[in-house]
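Asker: As you go down the protein sequences, you meet chains E, P, S and V in turn.
Numbered according to numbering that gives the first Met the number 0, the first sequence spans residues 0 to 210.
Numbered according to numbering that gives the first Met the number 0, the second sequence spans residues 0 to 335.
Numbered according to numbering that gives the first Met the number 0, the third sequence spans residues 0 to 224.
Numbered according to numbering that gives the first Met the number 0, the fourth sequence spans residues 0 to 421.
By construction, these hints were calculated from the structure, which means they are not laboratory data.
Glycine included, each C-beta is placed from N, C-alpha and C at the ideal position.
Where hints are given, some of them may not hold.
To give a feel for the contact side, a few chain P residues facing chain S, derived at Cβ under 10 angstroms [to be verified]:
(1) Ile13
(2) Thr14
(3) Ala17
(4) Ser19
(5) Val67
(6) Phe68
(7) Tyr70
(8) Val71
(9) Tyr267
(10) Val310
(11) Ala314
(12) Ile318
(13) Phe324
(14) Arg325
Under the rule of at most 30 angstroms between Cα atoms (straight-line distance), these lysine-lysine pairs were calculated in the DSSO-like manner [stated by the list, open to error]:
(15) S:Lys58 / V:Lys185
(16) S:Lys63 / V:Lys191
(17) E:Lys158 / S:Lys138
(18) V:Lys265 / E:Lys161
(19) S:Lys64 / V:Lys191
(20) S:Lys64 / E:Lys158
(21) E:Lys21 / V:Lys89
Given next are the chains, with one letter for each unit.
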Amino acid sequence: MEHFALWLSAFLTLGILSFLYKDNPWYKLSEAVFVGISAGFWFVTLFWDNLVGKFWDGWQDEPMLWVGAALGFLMLLRLVPRIGWISRWPLAFIVGATSGLWLMNYLASNIMVQVQATIQPLFSTSYASGPDAGWGAIVGSLVIVVGTFTGLVYFYFSKEHKGAFGATARVGIFFIMITFGASFGYTVMSRMSLLIGRIDFLLGDWLGLIN
Amino acid sequence: MSTRAKELIALGAITLFALSFYLNKVWGRGTFEFPTWLSAVVIALIGLSLLWILVLTLKGRLIERRVVFVYVGFAVALPLFMSFSQKITISPEVYQLHDALMELPAGSKVLISFDYDPPSAPELQPMAESIIRVCFEKDLKVIVMGLWPQGPQQANLALEKVFQDSAIVAKNLQYGKDYVNLGFQAGNEFVIQRMGSSFESMFPSDYEGTPYKEIPLVRNVRNFSNVDFSVNLSAGFPGTVEWVQIAVDRYGLPMGAGNTAVQAPVMYAYLNAGQLEGLLGGMSGAAEFEAVAEYQAKGTKFMLSQSFAHVVVIAFVIIGNVAFFRSGRKSKLRGN
Amino acid sequence: MRQLVPLTITFCVGTLLIVSVFIPPLGDLERTFTLWFDIIAVFAFFLGGGNLLRVHINKLWRRKKDWGFSIVTLAGFATMLAAGLFKIGNPGDIATAVDAPGSMFYTIFDSVVVPLGSTMYSLLAFFVASASYRAFRAKNREATLLLLAAFIILLGRTPFGLMLTEWVPDSFSLLQIPNLAIWIMNSPNLAGQRAIMIGIGLGVVSMSLRLILGIERSYLGGDNA
Amino acid sequence: MTFHRGRTSSLASGFSARLIIVIVVIAFLAAPAMWSRADGPDIVLAGSDSALVSLAPVTSLVAADNTYDNGDALRLTWVPSIDDRLIDSKIIGYRVYRLAGTGEPEAIADLPPGSNQYLDETVLRDSVYSYYVSTLSERAEFPSNRTAVISPQREWINLDRGYLFLIALAIAGAVIYYVTVAKRGKKLFVRKIAGLEAIDDAVGRATEMGRPVLFIPGIHDMDDVQTLAALTILGRVSRTIADYESKIFMPVARSLVMTAGREVIKSSYQAAGRPDAYSDDMVNYITDEQFGYVAAVDGIMVREKPATVFLLGAFFAESLILAETGNSVGAIQIAGTARPAQLPFFIAACDFTLIGEELFAASAYLSGEPRQLGSLKGQDVGKVIAMVVIMIGVISLTFAEAWKIEFMQDILDRLSVVFSTN
Numbered sequence: 000m001e002h003f004a005l006w007l008s009a010f011l012t013l014g015i016l017s018f019l020y021k022d023n024p025w026y027k028l029s030e031a032v033f034v035g036i037s038a039g040f041w042f043v044t045l046f047w048d049n050l051v052g053k054f055w056d057g058w059q060d061e062p063m064l065w066v067g068a069a070l071g072f073l074m075l076l077r078l079v080p081r082i083g084w085i086s087r088w089p090l091a092f093i094v095g096a097t098s099g100l101w102l103m104n105y106l107a108s109n110i111m112v113q114v115q116a117t118i119q120p121l122f123s124t125s126y127a128s129g130p131d132a133g134w135g136a137i138v139g140s141l142v143i144v145v146g147t148f149t150g151l152v153y154f155y156f157s158k159e160h161k162g163a164f165g166a167t168a169r170v171g172i173f174f175i176m177i178t179f180g181a182s183f184g185y186t187v188m189s190r191m192s193l194l195i196g197r198i199d200f201l202l203g204d205w206l207g208l209i210n
Numbered sequence: 000m001s002t003r004a005k006e007l008i009a010l011g012a013i014t015l016f017a018l019s020f021y022l023n024k025v026w027g028r029g030t031f032e033f034p035t036w037l038s039a040v041v042i043a044l045i046g047l048s049l050l051w052i053l054v055l056t057l058k059g060r061l062i063e064r065r066v067v068f069v070y071v072g073f074a075v076a077l078p079l080f081m082s083f084s085q086k087i088t089i090s091p092e093v094y095q096l097h098d099a100l101m102e103l104p105a106g107s108k109v110l111i112s113f114d115y116d117p118p119s120a121p122e123l124q125p126m127a128e129s130i131i132r133v134c135f136e137k138d139l140k141v142i143v144m145g146l147w148p149q150g151p152q153q154a155n156l157a158l159e160k161v162f163q164d165s166a167i168v169a170k171n172l173q174y175g176k177d178y179v180n181l182g183f184q185a186g187n188e189f190v191i192q193r194m195g196s197s198f199e200s201m202f203p204s205d206y207e208g209t210p211y212k213e214i215p216l217v218r219n220v221r222n223f224s225n226v227d228f229s230v231n232l233s234a235g236f237p238g239t240v241e242w243v244q245i246a247v248d249r250y251g252l253p254m255g256a257g258n259t260a261v262q263a264p265v266m267y268a269y270l271n272a273g274q275l276e277g278l279l280g281g282m283s284g285a286a287e288f289e290a291v292a293e294y295q296a297k298g299t300k301f302m303l304s305q306s307f308a309h310v311v312v313i314a315f316v317i318i319g320n321v322a323f324f325r326s327g328r329k330s331k332l333r334g335n
Numbered sequence: 000m001r002q003l004v005p006l007t008i009t010f011c012v013g014t015l016l017i018v019s020v021f022i023p024p025l026g027d028l029e030r031t032f033t034l035w036f037d038i039i040a041v042f043a044f045f046l047g048g049g050n051l052l053r054v055h056i057n058k059l060w061r062r063k064k065d066w067g068f069s070i071v072t073l074a075g076f077a078t079m080l081a082a083g084l085f086k087i088g089n090p091g092d093i094a095t096a097v098d099a100p101g102s103m104f105y106t107i108f109d110s111v112v113v114p115l116g117s118t119m120y121s122l123l124a125f126f127v128a129s130a131s132y133r134a135f136r137a138k139n140r141e142a143t144l145l146l147l148a149a150f151i152i153l154l155g156r157t158p159f160g161l162m163l164t165e166w167v168p169d170s171f172s173l174l175q176i177p178n179l180a181i182w183i184m185n186s187p188n189l190a191g192q193r194a195i196m197i198g199i200g201l202g203v204v205s206m207s208l209r210l211i212l213g214i215e216r217s218y219l220g221g222d223n224a
Numbered sequence: 000m001t002f003h004r005g006r007t008s009s010l011a012s013g014f015s016a017r018l019i020i021v022i023v024v025i026a027f028l029a030a031p032a033m034w035s036r037a038d039g040p041d042i043v044l045a046g047s048d049s050a051l052v053s054l055a056p057v058t059s060l061v062a063a064d065n066t067y068d069n070g071d072a073l074r075l076t077w078v079p080s081i082d083d084r085l086i087d088s089k090i091i092g093y094r095v096y097r098l099a100g101t102g103e104p105e106a107i108a109d110l111p112p113g114s115n116q117y118l119d120e121t122v123l124r125d126s127v128y129s130y131y132v133s134t135l136s137e138r139a140e141f142p143s144n145r146t147a148v149i150s151p152q153r154e155w156i157n158l159d160r161g162y163l164f165l166i167a168l169a170i171a172g173a174v175i176y177y178v179t180v181a182k183r184g185k186k187l188f189v190r191k192i193a194g195l196e197a198i199d200d201a202v203g204r205a206t207e208m209g210r211p212v213l214f215i216p217g218i219h220d221m222d223d224v225q226t227l228a229a230l231t232i233l234g235r236v237s238r239t240i241a242d243y244e245s246k247i248f249m250p251v252a253r254s255l256v257m258t259a260g261r262e263v264i265k266s267s268y269q270a271a272g273r274p275d276a277y278s279d280d281m282v283n284y285i286t287d288e289q290f291g292y293v294a295a296v297d298g299i300m301v302r303e304k305p306a307t308v309f310l311l312g313a314f315f316a317e318s319l320i321l322a323e324t325g326n327s328v329g330a331i332q333i334a335g336t337a338r339p340a341q342l343p344f345f346i347a348a349c350d351f352t353l354i355g356e357e358l359f360a361a362s363a364y365l366s367g368e369p370r371q372l373g374s375l376k377g378q379d380v381g382k383v384i385a386m387v388v389i390m391i392g393v394i395s396l397t398f399a400e401a402w403k404i405e406f407m408q409d410i411l412d413r414l415s416v417v418f419s420t421n
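Okay, chain E solo, but in the shape it has when bound:
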């Protein structure tokens, strides 16, 4: 059984990797297995966690959960063509709930927190000592303020990017590009380690070639 599981894992792993060469039956098989089993996995998980765990075990304490179930049921009315339009109601609920929630969330966490965090002194006596002492810190805080400011100018919609305004927006996009470069550099590193893990599985756990 242990041998079987190991070979199955290796077989599927190689099947996915074979996609790099080209689309082929081996990949299609791995893909079909993946889709079928993972869809089943998620349905079962949703069933036990949400339907049983949250609704069935909870409605005695919270009768209001029936409203959720009713909305869910309305969703199923899509299957009846004549009254299928009723399924828009639960969708409308979801759109309303998502918009309402995120409006306040983003206002607080994205706008207010970030604006407040940007407010920092351009230079300060504390730079003379401390671990970050030196011109790096001064340039650093200047860069943060200028970068945030010009970045916002780049996103400004109601003015053409021309003249001084255009130049400022261009500085803004420079900062945004550096941000992207930094994320790229960082992400590349951890992605490589994923591959190392898979190859270690194939050559080590499966074939026993490496220690």
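Take the given structure of chain E and dock chains P, S and V to it, following the hints.
Answerer: Relative to chain E, chains P, S and V alone:
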């Protein structure tokens, strides 16, 4: 020969290769390692072929993606066969974690939370293994748990690995007395918060179903105040940030952390503020810790692959750009 | 009518949630609505899962191209449903968690979904390399900056970064690549990140308002239907 | 699959400090009454008394209502034991006891040494409670005096969030103001957004080549605004597709998104006057599993060879896998997400990328409708507010720090009160 025939032959070769080596493994033959001269030859070959790609690209022939893929595959796979003594510079935060563990008196309880899943294992598993090993060598008691569903399983894999070493086996450590796996509990940061008042309320039984009160190691562990040190191995949410905010800030639990390379930069703020006593970041962190603990294992080995892979990526960026500039920036090579 | 009811629901629900932030007794509303959402999602899965079955049975029935793989998908789906809903092979009784170690559900997940997921994830390493070769070009000033930043960060995290700039005197330690990498992360990167985040925040506020007020109704079929 | 919101509570610091002082003063005045009413429980000895060291109990213990909640929390504050300040203090922590009504004391929390407050969130409105806190040593407990009885109060309006309310009002007000201005017919200028200008061409290209358009709405459910943004754009795109008579294909990772996507495309086809051209097969649920979905979409890309690919919504690690595969089949790709970590990959591998805010503005921009454009203008007011605040803040902080100008410090304090979110 038709493409189809070639493909079939390749498939056959892969199967043969796999079968032969698998049987080799089953019969208990050893592993392979390149001698130094071979490693040098391999590295030289990789370097030369990169040059060749540069020449090709300069001539205006963009090599196929699949060649790039093969490169990455080799750059990651081949170093796993090599054993080089790498010059590893050890960061202060790695020393700090090691020192924190070494300073604990024998018998101290260390809580290790495994907050990651298999995809992040290449980075975090080597850390887990060497940290557990250090704990056992120092006769510290280890309590493991997980805020990610697959965390406790990763913990068991790490424990298994550590117990393959005869020096550790000789200590005759017992489950429940010297180490315990409390398992997974859903609820993210709320689990940490509740653990602040009672471990037992979150882990009524351990991974194997033994009731909390019947486990000698934790019978008297009521909450964080009965734990002497903790290590958090984390690949995202919930993870080190939550542990610091709740367990460290509110309950004063001393804590060190191991993080994936993507996450690590965020943690430096906590490190500088003294909320973390040591930090291992990504594969290099794992390798450095192994160097400090003087036990070379997977982290060191993987680090070589990682460096190779970086170099290959950097080489490809350079090659692409050299070609791009040589062709006067109006290359036909497709780009954005 | 067919538009009015949904628009009214969206408006009421959205407004209630916004107001609830300022009225403590309504503080639980968020949790309630989240629960409702989770329950609706299960019902929706009956449609999604049903659709999966329909598509693949259809493919099989009509003997469309690659129909053989549909059998595999259907079989996998059915196996997982059976294993999970009836908790086959679970240690203990039906009350244990569905993904208790040792259960069939758990075993399949562990030996199929986990390796497949990890491998698919690791394909990223290959694509990163091909994108580096093909797409990361210093086409203009913006792209050059992106590349430079990426380069410094990449080098800064390998031993090479240190080797390359070890000669830089300590009074200019910022110019050593590992330090420069940290500086980039903490200064220009942070600035760009903040501008993007503030922008996103405003974008979300504005879009949410358009949805709640019913100005944006393209998802209901355009402006005049 | 949950809504996330940063938990927000607790008082603005200045206010709470004053409140505590008032409470402490009142407590002192009422102290004699408390002593006479409730004698502290006896010292509890846990072990042999030979090693017993007597520890001072905590003082000034006060239980107060936690303000601005639904009456479900009480806040305890105290002055830690004097012994806690010693270097090798014998104190191992504090244990909080609660008496509900006239019931027995019940230990509700253990806190580390140095603690001086606790928020009890397990109380019920309309019930009465009193508390005491024990100082713990290895072997014994040293209880404090009991607090007066108290019951949690509910408040109807959270005054702490007054500034949040004002800022929300300012930004939302600006949006609504410009929407009404636009409605009255005033022309508003909005600059070009390259990625969106390209949509028509991209769809046209698919028609010419006779290949489908692939629309990927990210991998999150409907409870992520990015998915909503993708669906609003889908409304515009599918309308164009219906007009051009091209084919659209939309594999999704969530059942709800499937239902919503079908609704959107169907409505667009109806609006375009081609309801019979619509079919449910345009939108298919694949699987919720992130990489299972990616595996399937990669397969679809190489088999169907779409001429145009839209990648709009919440993307994670799969962004580059999808974008590179799409690129390898020669598709024109238009991408957009609000996740900064994935944007560089889209920028590298796709032809056009909507960066963050542009994703949310896209549908309004594409509609060309005055009211929608007005909302974009309102958004810009938000940006101006942010920029002005940053400028004022930075200048006053720099002056306050460098030259110790008090007036500047005042401005700064005011700003930090306004922008604190808790």
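Asker: Work down the list of hints and note, for each, if the structure agrees.
Answerer: Consistency of the hints with the structure:
1. Ile13: violated, 15 angstroms
2. Thr14: violated, 18 angstroms
3. Ala17: violated, 15 angstroms
4. Ser19: violated, 22 angstroms
5. Val67: holds, 5 angstroms
6. Phe68: holds, 5 angstroms
7. Tyr70: With a minimum Cβ separation of about 7 angstroms from chain S (threshold 10 angstroms), the hint on Tyr70 of chain P holds.
8. Val71: Holds: closest Cβ of chain S sits about 5 angstroms from Val71 of chain P, inside 10 angstroms.
9. Tyr267: Given a least distance of 8 angstroms, the restraint on Tyr267 of chain P holds.
10. Val310: It holds, given that the least Cβ distance between Val310 of chain P and chain S is near 7 angstroms, below 10 angstroms.
11. Ala314: Check passed: Cβ of Ala314 of chain P comes within 9 angstroms of chain S, closer than 10 angstroms.
12. Ile318: holds, 7 angstroms
13. Phe324: For Phe324 of chain P, the interface hint holds, since the closest Cβ of chain S sits about 8 angstroms away, which is under 10 angstroms.
14. Arg325: violated, 12 angstroms
15. S:Lys58 / V:Lys185: violated, 54 angstroms
16. S:Lys63 / V:Lys191: The given pair, whose Cα atoms are some 45 angstroms apart, is violated under the 30 angstroms limit.
17. E:Lys158 / S:Lys138: With Cα atoms ~26 angstroms apart, Lys158 of chain E and Lys138 of chain S stay inside 30 angstroms; holds.
18. V:Lys265 / E:Lys161: violated, 41 angstroms
19. S:Lys64 / V:Lys191: This hinted pair is violated, its Cα atoms lying about 44 angstroms apart.
20. S:Lys64 / E:Lys158: violated, 53 angstroms
21. E:Lys21 / V:Lys89: Roughly 69 angstroms separates the two Cα atoms, so the pair is violated.
In summary, the numbered hints that this structure violates are 1, 2, 3, 4, 14, 15, 16, 18, 19, 20, 21.
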